[in-house]
Amino acid sequence: MRAKIIRKEDIAGLLESLMGEYEMFAPVKSDGLVLFERISSASEVFLDYQNSLMPPKQLTFPQAETLFSYSSAKGEVKIEVPHREEKPQLIFGIRPCDASSFVVLDRVFDGEQYKDPYYLQRREKTITVSMGCVKPRITCFCTSVGGGPFSTEGSDLLLIDIGDRYVAQIVSDKGAQLLEKRGFRDATEGELALAAAVIEAAVASMGPGVETDGLKDKLDSRFDDSIWQRLSEKCLGCGVCTFLCPTCHCFDIVDEAVDSKGERIRIWDSCQFPLFTLQASGLNPRPTVKERFRQRMMHKFSYFVDNYSRVGCVGCGRCITECPVNLDLRQVLNSVSRLEGVK
Amino acid sequence: MKNPYLPVPMRIERVVVETEDNNVKTFSLSFLNKEDEGSFTYTPGQFAELSALGKGEAPFGMASSPTQPWCLEFTVNKAGVVTTALHNMEVGGILGVRGPLGNGYPIEALKGRDIVMIGGGFGFSTLRALTNFVLDDANRRSFGDITVIYGARSPGLLLYKDELEEWQKRTDFHLYLTVDVGDEEWTGRVGVVPKVTREVGPSSENAYVVICGPPVMTKFTLPVIKELGFPPDRTLLSLEMRMKCGVGMCGRCNIGSKYVCRDGPVFKLAELNQLPQEY
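Residue numbers (the working numbering), protein chains in the order written: chain A, 319 to 661; chain B, -9 to 269.
What the hints contain is simulated information worked out from the structure, not anything from laboratory work. Some hints here could point you the wrong way.
[Said to hold, decoys possible] Okay, derived cross-link-like pairs now, DSS-like style, lysine-lysine, Cα gap no bigger than 30 Å in a straight line:
#, chain 1, residue 1, chain 2, residue 2
1, A, Lys405, B, Lys185
2, B, Lys68, B, Lys151
3, B, Lys101, B, Lys185
4, A, Lys433, A, Lys534
5, B, Lys101, B, Lys68
6, A, Lys405, A, Lys499
7, A, Lys579, B, Lys45
8, B, Lys15, B, Lys68
9, B, Lys151, A, Lys608
10, B, Lys68, A, Lys392
11, B, Lys15, A, Lys392
12, B, Lys45, A, Lys396
13, A, Lys443, A, Lys392
14, A, Lys433, B, Lys24
[Unchecked claim] Rough simulated footprint, nothing fancy, chain A against chain B, three-plus residues with beta-carbon under 8 Å:
#, segment
15, 45 to 57
16, 77 to 88
[As the list claims (entries may be wrong)] Some chain B residues flagged as far from chain A (calculated, every beta-carbon gap over 10 Å):
#, residue
17, Arg1
18, Glu3
19, Ser41
20, Asp170
21, Asn196
22, Pro205
23, Asp223
24, Lys234
25, Cys240
26, Arg242
Where a beta carbon is used, it is the ideal one built from N, C-alpha and C, also for glycine.
The whole structure should be built from the sequences, with the hints applied where relevant.
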């Protein structure tokens, strides 16, 4: 492992020195909420957090963005794609689960057949400095879905807290360049051993997860089981799970217009809402909460696997912690897995 | 990188009111910018997103055939906000077109085969495209027997009436028109599409059947198709779903792991049999 040592008191200086080059985003605490915000000073960064209420997904896939603007006059229509800011962005302090969510979103937006230029341009200009999780929450289950509290997927640098210093694991060339010529020394064998111990302890502290053994096949074969009715009964269909999910990518496209000018805008949408699939004829293929609830589970743990050879979940646990009726995705999936009397 | 969200502007050259209830219109379009023409090469069964700028987009199968390069046509049933806005547009109006999208009918697989097309309602528009494609002088010899069964609820709701008249004069394919309920002037068949399909009884030997119509027609036609011996991998259906992006990203038109926009809208029944019945 290639790693440098950054003393904690040097973090502020490092961030300040990078601010000219990057738009800098980091966890910021305000009104009791930790969210990723644009910062203009290292003093705004708040690192004593387990995870932000919302993932920093909006930095590559904004909640609302203009796809193009148009104006029409005298038999002509002019269509213009908005000009984009050229400056790269740095996300500091992102958790490994959220960093790997970018890799999940890449699968969708960087398809073989179609590419989403809006997402991909932002993604290409994004560099991630992740903060490994020394103390995972009891609702975290990254280790069930191929990640871990110190997983490097989607990160350019991964910081491992070993007390008064961080072991900065260099994951990508972008990450290596970030630390170049700044005088950080290489980590010693002893420091790497300390880091390994921290990682081991964090992994050992993980709470109960999802039993993923054969999960996709079980979900597929139990699609029509009555258990979905029971499991979804208390779901309110509020959609907060999808709103806070780092991997949810569904969106709506709407036009906003005044007279002959307007914009076509893409906005996050949710499979939990009845309008999501309601057809103009009145037919709705997912007419009740049951079908919509099942869709979220199936999409992430079966359909996504079919399409992109990985699960569409990074185990951040936000859908568990923020659900108003305490629906726990782990329990839902395990209930389906453990169903008896069906193959 | 090609931006899949940008429509190209097209001018409305002609509007035909197709049905007596004025609810279905066919729009013939031409490219406003000549350089866009080359970017739109399609096969029957594919679709495009039509923009009424300021109101939004909705998906429609191409009603014209690529063998008729002089026009691009869409048949629009007025049902919601976008289709109402489209219906309010007139000749000379400009709308946006984004496509072609989706897979279309598997033309290569259909070559050398008999083709039975079964359509109902305004779902017939994509079968009209396929019919014109296979009947084209350059293509007709590549296909075997062609049978088209097309039904509407009433005579006044049949689309493409002038063209149907022309087709009835042709001797190189079989056309069966039917209506659920006739009127004083109607002298043709009366009966719903599944019933007529059974009466016509097309042979399934070396044949593909292509179905496009309202869900209720499809539901009752499929058992007849099965009786006639068409295997699921030679039974093609064209599906509809609410769509937005058209490129498999916005997440709403899936049936199981398949996106109707990207992986469809044409599916073999054999494929659909493997998917959840959520459509």
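*Any of the earlier hints contradicted here, and which numbers?*
1, 5, 9, 13, 17, 19, 22, 24, 25, 26
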